[in-house]
Amino acid sequence: MSDRGLAVRPGEPVARAALPVLEPRAWRDAIVADVAAGGRLLALFGAGEAAAPTLHAIHQDRAGQLRWSLAPVRGSWPSLTSECPQAHLFEREIWEASGAVPEGHPWLKPVRRAPGTAASDGAPPFFAVAGDDVHEVAVGPVHAGVIEPGHFRFQCHGEAVFHLEIALGYQHRGVEALLAQGPDRRTLHVVETLAGDTTLGHATTACEALEALLGVSVPPRGHALRALGLELERLANHVGDLGALANDVGFLPTAAYCGRLRGDFLNLTAALCGNRFGRSLVRVGGTGFDVDPERAAAMRDRLAAAARDVRDAVALLFGAPIVRARFEGTGVVTAPAALDLGLVGMAARACGLPRDVRHEFPPLAYRAGRPPLVVLEGGDVMARARLRAEEIERSVGFVDGLLAALPAGPARAAAAWPAPLAPGHAVFGLGEGWRGELVHVLLTDAAGRIERWKVVDPSFHNWSALAMALRGEEISDFPLCNKSFNLSYCGFDL
Amino acid sequence: MSLAALVHLAVHAALVFALAPLLQGIVNRTKAWFAGRRGPPLAQPYFDLWRLLAKGAVYSTTTTVVFRLAPVVALAALLTTGLLVPMGGWPAPLAFAGDLFLVAGLLALARFALVLAALDTGSSFTGMGASREVWFAALAEPALLVSLAALARGLRHDLAHDSLSAIYGAMSPATFTAGAPFLLLVAGALLLVFLAENGRIPVDDPNTHLELTMIHEVMILDHSGPDLAFLLYGQALKLQILGVLLVGVLLPVRTGVAALDLALAVAGLVLLAVAVGCIESLLARLRLARVAQMLTWAGALAVAALVLEVS
Numbered sequence: 001m002s003d004r005g006l007a008v009r010p011g012e013p014v015a016r017a018a019l020p021v022l023e024p025r026a027w028r029d030a031i032v033a034d035v036a037a038g039g040r041l042l043a044l045f046g047a048g049e050a051a052a053p054t055l056h057a058i059h060q061d062r063a064g065q066l067r068w069s070l071a072p073v074r075g076s077w078p079s080l081t082s083e084c085p086q087a088h089l090f091e092r093e094i095w096e097a098s099g100a101v102p103e104g105h106p107w108l109k110p111v112r113r114a115p116g117t118a119a120s121d122g123a124p125p126f127f128a129v130a131g132d133d134v135h136e137v138a139v140g141p142v143h144a145g146v147i148e149p150g151h152f153r154f155q156c157h158g159e160a161v162f163h164l165e166i167a168l169g170y171q172h173r174g175v176e177a178l179l180a181q182g183p184d185r186r187t188l189h190v191v192e193t194l195a196g197d198t199t200l201g202h203a204t205t206a207c208e209a210l211e212a213l214l215g216v217s218v219p220p221r222g223h224a225l226r227a228l229g230l231e232l233e234r235l236a237n238h239v240g241d242l243g244a245l246a247n248d249v250g251f252l253p254t255a256a257y258c259g260r261l262r263g264d265f266l267n268l269t270a271a272l273c274g275n276r277f278g279r280s281l282v283r284v285g286g287t288g289f290d291v292d293p294e295r296a297a298a299m300r301d302r303l304a305a306a307a308r309d310v311r312d313a314v315a316l317l318f319g320a321p322i323v324r325a326r327f328e329g330t331g332v333v334t335a336p337a338a339l340d341l342g343l344v345g346m347a348a349r350a351c352g353l354p355r356d357v358r359h360e361f362p363p364l365a366y367r368a369g370r371p372p373l374v375v376l377e378g379g380d381v382m383a384r385a386r387l388r389a390e391e392i393e394r395s396v397g398f399v400d401g402l403l404a405a406l407p408a409g410p411a412r413a414a415a416a417w418p419a420p421l422a423p424g425h426a427v428f429g430l431g432e433g434w435r436g437e438l439v440h441v442l443l444t445d446a447a448g449r450i451e452r453w454k455v456v457d458p459s460f461h462n463w464s465a466l467a468m469a470l471r472g473e474e475i476s477d478f479p480l481c482n483k484s485f486n487l488s489y490c491g492f493d494l
Numbered sequence: 001m002s003l004a005a006l007v008h009l010a011v012h013a014a015l016v017f018a019l020a021p022l023l024q025g026i027v028n029r030t031k032a033w034f035a036g037r038r039g040p041p042l043a044q045p046y047f048d049l050w051r052l053l054a055k056g057a058v059y060s061t062t063t064t065v066v067f068r069l070a071p072v073v074a075l076a077a078l079l080t081t082g083l084l085v086p087m088g089g090w091p092a093p094l095a096f097a098g099d100l101f102l103v104a105g106l107l108a109l110a111r112f113a114l115v116l117a118a119l120d121t122g123s124s125f126t127g128m129g130a131s132r133e134v135w136f137a138a139l140a141e142p143a144l145l146v147s148l149a150a151l152a153r154g155l156r157h158d159l160a161h162d163s164l165s166a167i168y169g170a171m172s173p174a175t176f177t178a179g180a181p182f183l184l185l186v187a188g189a190l191l192l193v194f195l196a197e198n199g200r201i202p203v204d205d206p207n208t209h210l211e212l213t214m215i216h217e218v219m220i221l222d223h224s225g226p227d228l229a230f231l232l233y234g235q236a237l238k239l240q241i242l243g244v245l246l247v248g249v250l251l252p253v254r255t256g257v258a259a260l261d262l263a264l265a266v267a268g269l270v271l272l273a274v275a276v277g278c279i280e281s282l283l284a285r286l287r288l289a290r291v292a293q294m295l296t297w298a299g300a301l302a303v304a305a306l307v308l309e310v311s
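Chains A and B supply the protein sequences, listed in that same order. Just so it is clear: in the first sequence, position 423 is 423 by my numbering, and no numbers are missing. Just so it is clear: in the second sequence, position 51 is 51 by my numbering, and no numbers are missing.
The hints are simulated quantities; they were obtained by calculation from the structure and are not laboratory data. Here the structure is a predicted model, which is why all the values come from computation and not from measurement. Just so it is clear, CB atoms sit at the ideal spot from N, CA and C, and this is done for glycine as well. It is possible that part of the hints are untrue.
[As the list claims (entries may be wrong)] Distance ranges between label pairs, derived from CB positions: (1) Ala130/A x Gln293/B: 53 to 59 angstroms; (2) Gly98/B x Gly158/A: 34 to 40 angstroms; (3) Gly75/A x Val65/B: 54 to 60 angstroms; (4) Gln293/B x Ala128/A: 31 to 37 angstroms; (5) Gly122/B x Arg324/A: 51 to 57 angstroms; (6) Ala275/B x Glu328/A: 40 to 46 angstroms; (7) Arg324/A x Ala300/B: 23 to 29 angstroms.
[Stated by the list, open to error] Stretches of chain A that chain B covers, calculated by requiring three or more beta carbons in the stretch to come under 8 angstroms of a beta carbon on chain B: (8) 126 to 140; (9) 246 to 252; (10) 353 to 364.
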């Protein structure tokens, strides 16, 4: 079945020569057919010569198998987007970086408007609606709160939103270009700062890919500590989001509680490694820090106390009819829309799609165990809020179990770092950050250096869902919908 | 003007004008207490006003004289209104037959000036805020007028021939025992109008920074320095004025001693501020479309009070 791409698994390197090179039209048709039959697109990017790139696609076929295929591009390729909407940002990204045109792309605009790229000249127009009572509202990139920059363009009819277009790129730092010079001593630092709230998610996913190329095997205790950090990261963010959702509807009790409780979970991460966001916990070969039994016991006590308080705050939130009236039916993303847009992670699970990398393709950190899968129907703000509350419960239980029975042995295997990687290989790491699926694709050159490092943050897929959720919604509910997704700007902008 | 009238004017003005920002301070402290925080000092609204008055103002080049006039017009209208509302059963310094309509007119004038200034900025946010403000005012103003008309009728007074001071002066604990249901209907309508007109939860969140959800706050986004101080002080006055009208219905205790009656009225206002703090701590904001429903309810309560008394 090499005409559909090489069957691959995350964390298992393949020789780059083994990746099948297809004719662009056949390559496109195969992916479109697979996605239409229930598959999806994990990553689509260009590598090699900037002006004439080779397109790499990693997609899941109808049987659930991941496939990696290549297509060389000379100036243009037949666009996937018209039949496979989830490709739209990927294709715009490739066009922006290389100038090669996806023929037939319905909305070809730069993604990040990075200076010096082929598509950066001139400000492209926004989608506009005309009519007597239609008005346009432009929000950002500078916002009233201390949040990341992004521009939102609403086409409104009174209070109702016809269309929302989101323009990001203000935080583009050239991360992928920085990583492609590696591996070096700053590689992990750059990975940890891809998206600050997903420090551990990105670091673990990247390390699993790097370790596969280095042939390093992480001891069980290292995997357990990574899983511990990942779940603490999920807990802190979910708790903080519930508080932020309460704050957005002006419900003070939960907002005030959760603000403090998020700190409690961050402090648990700090108890692991000395940094509240988990910087330098994950290192090539394992973890940079270990936990002694006394500290593990103390962490269990603090976890139990924080979890108890979270239960109270959550009960207050969902117990208030006025809050439920705001959450229910607001910002709905239907399951078919979620499938079309290729949503991942939490946002997809709140639409009834069982998408969780921890269960579909368990990363090494979760091979020994994982929290149960939570899937909710509805796709509204309520579903996304409830999903967080449920996942908090599951993760608390999982973390407590981990702390009670950490595997014995060292937390880190001896590994030379930074060291040359397996030359001429390709590998991708998959992880489930608290928002959703993290993809790190690494291609090495003949000298074992990184030639291309592609990062796909879950926000890259899910920003489109926010735009869809706003259709027909009141514009005054935008902050609430936005918070219910709580997507990353810098994770998108890279 | 007699000395007594001067003293009366001075005391009334001091109570209404000087106390107004304090109420906001009390609301904020109550909310902080609920959230387990210490909260800002009670006098923080005064400090804020002082800070803003000492600053310069920035004007956008799109704005015209309308934008600069609005804070002055709004503040002048609200200051005058402050002299028209009776406190503690004692007549207001300004009182004449039908002054109720002047009160309603002055409140509307203040709003009109703000809305014009908001539209003058040309910003889509402030325009949206202005649209919402007018939408809700169209429902809140009738509710306010009808509830006061109901109150007047219930106390065997006539809106056209009696002053607000005379109507409120006729209130006593006895009226409460005689017509509690009707008075509660009026108080209910006034409370809803009070919350909506002052942009409190569940209608508007005075603490939010999210431009797209704000109503009142978004209209004054472009004002700065002394202009903003005028507008913020105007908001405090509005809270005080509508609060006085509400407390006058709920707390019609008359001792016959002016100082004591006024002290009771102030105590009532403080209690009201605490109650607002509690409401804001326990409720969430309504969806915007629901606010219109809530104000329709206020109108319905007011009409019910009117009908109840007439029949």
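| said: Need the list of violated hint numbers for this structure, in ascending order. | reply: Those not satisfied are hints 1, 5, 6 and 10.
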